[in-house]
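Engineer: Based on the sequences and whatever the hints tell you, model everything.
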Amino acid sequence: MLTRKGHARRQLLMSSANSAFLFLPLMRMFRDSEALAADASPAPNVIFTYYPLGFKEKSRVFKGNDGPITEFSQIHKPIEDAGLKDDFLLIDGLYFLGSRNHNGGQTNVLAGWGHADGKTAPIYGNWYNSAGIDGANEVQLSDLEDNKPYSLDQRLAAKWGVPAMGFGTKTGQEFCQFPEALSFKEGNRMRPEDNPQTSFMNFFGNFKSNNSGSTEQKANEAKAIAAELRVIEFLKGDIKRIENNLGSEDKAAFAAHVAALDEINSQINTSIKSGSSTGEDLLASCSIDKIKADAAAANGWWKDEDKLGDVMAINRAMIVQALACRLTRVALFQVGTGHSYSQLRAKGISRKTGDYHVMSHGDVSPSHVADFAEIQTGLVKEIAQIAVDLKNTKVGSSNLFENTLIFNSSEGGNDSGHSSNDIPVFMLGRLGGKINSGQKIRRNVPYNRVLVTVANALGETDIQVVGNKTDKAKGKLDGVIK
Numbered sequence: 068m069l070t071r072k073g074h075a076r077r078q079l080l081m082s083s084a085n086s087a088f089l090f091l092p093l094m095r096m097f098r099d100s101e102a103l104a105a106d107a108s109p110a111p112n113v114i115f116t117y118y119p120l121g122f123k124e125k126s127r128v129f130k131g132n133d134g135p136i137t138e139f140s141q142i143h144k145p146i147e148d149a150g151l152k153d154d155f156l157l158i159d160g161l162y163f164l165g166s167r168n169h170n171g172g173q174t175n176v177l178a179g180w181g182h183a184d185g186k187t188a189p190i191y192g193n194w195y196n197s198a199g200i201d202g203a204n205e206v207q208l209s210d211l212e213d214n215k216p217y218s219l220d221q222r223l224a225a226k227w228g229v230p231a232m233g234f235g236t237k238t239g240q241e242f243c244q245f246p247e248a249l250s251f252k253e254g255n256r257m258r259p260e261d262n263p264q265t266s267f268m269n270f271f272g273n274f275k276s277n278n279s280g281s282t283e284q285k286a287n288e289a290k291a292i293a294a295e296l297r298v299i300e301f302l303k304g305d306i307k308r309i310e311n312n313l314g315s316e317d318k319a320a321f322a323a324h325v326a327a328l329d330e331i332n333s334q335i336n337t338s339i340k341s342g343s344s345t346g347e348d349l350l351a352s353c354s355i356d357k358i359k360a361d362a363a364a365a366n367g368w369w370k371d372e373d374k375l376g377d378v379m380a381i382n383r384a385m386i387v388q389a390l391a392c393r394l395t396r397v398a399l400f401q402v403g404t405g406h407s408y409s410q411l412r413a414k415g416i417s418r419k420t421g422d423y424h425v426m427s428h429g430d431v432s433p434s435h436v437a438d439f440a441e442i443q444t445g446l447v448k449e450i451a452q453i454a455v456d457l458k459n460t461k462v463g464s465s466n467l468f469e470n471t472l473i474f475n476s477s478e479g480g481n482d483s484g485h486s487s488n489d490i491p492v493f494m495l496g497r498l499g500g501k502i503n504s505g506q507k508i509r510r511n512v513p514y515n516r517v518l519v520t521v522a523n524a525l526g527e528t529d530i531q532v533v534g535n536k537t538d539k540a541k542g543k544l545d546g547v548i549k
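With the first letter of the sequence shown counted as 1, position 397 gets the number 464 in my numbering; the numbers rise by one all the way through.
Hints may be right or wrong, so weigh each one.
Calculated cross-link-like contacts (lysine-lysine; reagent style DSS-like; alpha-carbon spacing at most 25 Å) [to be verified]: (1) K215 to K539; (2) K152 to K501; (3) K549 to K539; (4) K543 to K252; (5) K307 to K290; (6) K541 to K215; (7) K458 to K152; (8) K318 to K461; (9) K303 to K290; (10) K186 to K536; (11) K370 to K340; (12) K543 to K152; (13) K549 to K458; (14) K186 to K215; (15) K318 to K275; (16) K419 to K144; (17) K370 to K290; (18) K303 to K285.
For each label pair, taking beta carbons as the anchor points, the in silico distance ranges come out as [said to hold, decoys possible]: (19) G546 to A286: 55 to 63 Å; (20) E147 to K536: 37 to 45 Å; (21) K186 to K536: 17 to 25 Å.
Bear in mind the hints are in silico, worked out from the structure with no lab data behind them.
Computed from a predicted model, the values in this text were never measured in an experiment.
Built from N, CA and C at the ideal position, the CB exists for glycine as well.
Structural biologist: Next up, the structure:
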């Protein structure tokens, strides 16, 4: 494929390979051009989303039998408001096998791994006592695929040959009492990154300025990491060179993709500059990795309770760009974790009294019920916005949402009791018509089967077990895949 001036595509790509900030938009532009002329269905993507402790009591509004959704709960209302009613599938009645509550339930969310025999403390999770667990739901190690959890996001990423990219909002161990992971790769905890600046520079911000390898290059990288200048400021000459070798349509597409990354960079820099900083001289280090670490330590804006809405918005944008640039096909959008000390307020949600976990206990503090519902409504709105952003991201003649499934879950079935029953699950997306969306269904079966269903819907029909290998946990749910 030749560009406007006869330059081979390969030449342009090779000349940009050292700058992810340019290489990714260029690759995306070429792929979009090819997609316009292709009829083949694009490979599917999946985004796993999570927020803690189930739903506010009695908020699921599951009335009557399976069928069309006639009423949205307060918490799900943002999905309807975003015009996603026909893309929404509500699944009720699922229950965890084995470990539950704050820390134990975490290993079930994506891995379906719930070792809980009431006798042996597991390596993963710490809620192993079977008190309150139906005897039939106790899980021995022999009931599991392996003695180590391997979550669905990581399994899919490994099968597809892509990284499973995790974006977090206050998921770290300092922000909660039970900081167990959701994502596991062959037993290794794969925690999401909470600092958007770190995520951006790792995934998108790599660049080589004209004096690569020089002291000036190091200084430029430090300035970008410290938010003194945006990455684009160092690449204006390269951008002009690339644009001069593109036709008008490709040039416009390339510029739009670069602008999308620059907007994320700009949002991060604005947040950093308005946060607290130690004023350290980041250029004093000779190591870029050390500069990154110093920058993260010097400015903890992403920990600020009043900036979590910014963190979520930036993470949303990075997920969309990661899928659009085909950096990955698997992403995790995680807000908080079990027993969070934060309020986890999205944009537009006013400050409350008490932390997220305290507010979840409406049985103890009824005055918190309305506040907790409002916070969860804000979190669902963030998830709905991911779908809207995907719809607004064109890929050829279609959009990114057409081949993307969003799967939402939690480690608790309700707020006050943190039970292992009625785990709140919903999906957004149709995968080109494969999903029976616009419906509500109730299935009183182990939760593991919805993870199998997600894998099957994404084309991985050989996956019939996720975590628990007992007969009742095997196979997909009926009524989800057409």
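Engineer: To test your reading of the hints: which numbers does this structure violate?
Structural biologist: Of the numbered hints, all hold.
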